[in-house]
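Chemist: Single-letter residue listing:
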Amino acid sequence: NAGVTQTPKFQVLKTGQSMTLQCAQDMNHNSMYWYRQDPGMGLRLIYYSASEGTTDKGEVPNGYNVSRLNKREFSLRLESAAPSQTSVYFCASSPGSRTEAFFGQGTRLTVV
Amino acid sequence: AQSVTQLDSQVPVFEEAPVELRCNYSSSVSVYLFWYVQYPNQGLQLLLKYLSGSTLVKGINGFEAEFNKSQTSFHLRKPSVHISDTAEYFCAVSEWDYKLSFGAGTTVTVRA
Numbered sequence: 001n002a003g004v005t006q007t008p009k010f011q012v013l014k015t016g017q018s019m020t021l022q023c024a025q026d027m028n029h030n031s032m033y034w035y036r037q038d039p040g041m042g043l044r045l046i047y048y049s050a051s052e053g054t055t056d057k058g059e060v061p062n063g064y065n066v067s068r069l070n071k072r073e074f075s076l077r078l079e080s081a082a083p084s085q086t087s088v089y090f091c092a093s094s095p096g097s098r099t100e101a102f103f104g105q106g107t108r109l110t111v112v
Numbered sequence: 113a114q115s116v117t118q119l120d121s122q123v124p125v126f127e128e129a130p131v132e133l134r135c136n137y138s139s140s141v142s143v144y145l146f147w148y149v150q151y152p153n154q155g156l157q158l159l160l161k162y163l164s165g166s167t168l169v170k171g172i173n174g175f176e177a178e179f180n181k182s183q184t185s186f187h188l189r190k191p192s193v194h195i196s197d198t199a200e201y202f203c204a205v206s207e208w209d210y211k212l213s214f215g216a217g218t219t220v221t222v223r224a
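In order, the protein sequence lines correspond to chains G and C. Residue numbering for the first sequence follows my numbering, starting at 1 and increasing by one per position. Residue numbering for the second sequence follows my numbering, starting at 113 and increasing by one per position.
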């Protein structure tokens, strides 16, 4: 049982490049999330998808877009990467509201 | 909107000593509370959760937490720590919606 799988695990981008972070879950969860983790700031919610077909902004959505491709997959796109987007990105899923989230292993992104 | 404050950013502790990590939250409605642990270069793993019922919650690896509604706190404790408990710990809160908000984290370093 893989749980939540993120690809890639590491990525280096040049300023202005674009890329998509992929996330897939095999737990049949309804809700999916993208967080970024920065030292001393905990995890901040970028976007979430309460259910298939819906997406909503979190605390720090600027510079990002998401797609809930189907129930399993939720991708995060950086259209024009900036050094401020250097971070560790975590995807998570949960059965629904008011429940715990299950996390992937993270993607370490560096923008130079 | 909910917010979470972890009162200690770093907690050094000797092996076999007790540890307490403090977490306060602000919310005007009923909340659901969680503690997660993150070992180096890994994702987040759920330690324990409070959804309803008994205010004393037991989790994995000998951790427990107590929900105090009047003080809006959810402190995490372990009576005797091991070297393997060295990690970063995050308190999180969820309200009626699908968003899970995290504190800034507490780094626990266990020394022999």
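The reader is advised that the hints may include incorrect statements.
[As the list claims (entries may be wrong)] Heads up, simulated DSS-like pairs for lysine-lysine below, C-alpha to C-alpha not over 25 angstroms straight-line:
1) C:K211 to C:K161
2) G:K57 to G:K71
3) C:K211 to G:K57
4) G:K71 to G:K14
5) C:K211 to C:K181
6) C:K181 to G:K71
Derived from the structure by calculation, the hints contain no laboratory data.
Chemist: Now, for every hint given, state plainly whether the structure supports it.
Modeler: So, going through the hints one by one against the coordinates:
Of the supplied pair hints, the one linking C:K211 and C:K161 holds, its CA atoms being roughly 15 angstroms apart against a limit of 25 angstroms. Taking the CA atoms of G:K57 and G:K71, the gap is about 18 angstroms. The hint holds against a cut of 25 angstroms. This hinted pair checks out: C:K211 and G:K57 have alpha carbons roughly 10 angstroms apart, not beyond 25 angstroms. Using a Cα cut-off of 25 angstroms, the hinted pair G:K71 and G:K14 is violated, with the two alpha carbons roughly 32 angstroms apart.
Simply put, C:K211 and C:K181 have alpha-carbon atoms about 20 angstroms apart, close enough for the 25 angstroms limit, and the pair holds. For the hint linking C:K181 to G:K71, the alpha-carbon distance of about 36 angstroms lies beyond 25 angstroms, and the restraint is violated.
The structure is inconsistent with the numbered hints 4 and 6, although it conforms to all the rest.
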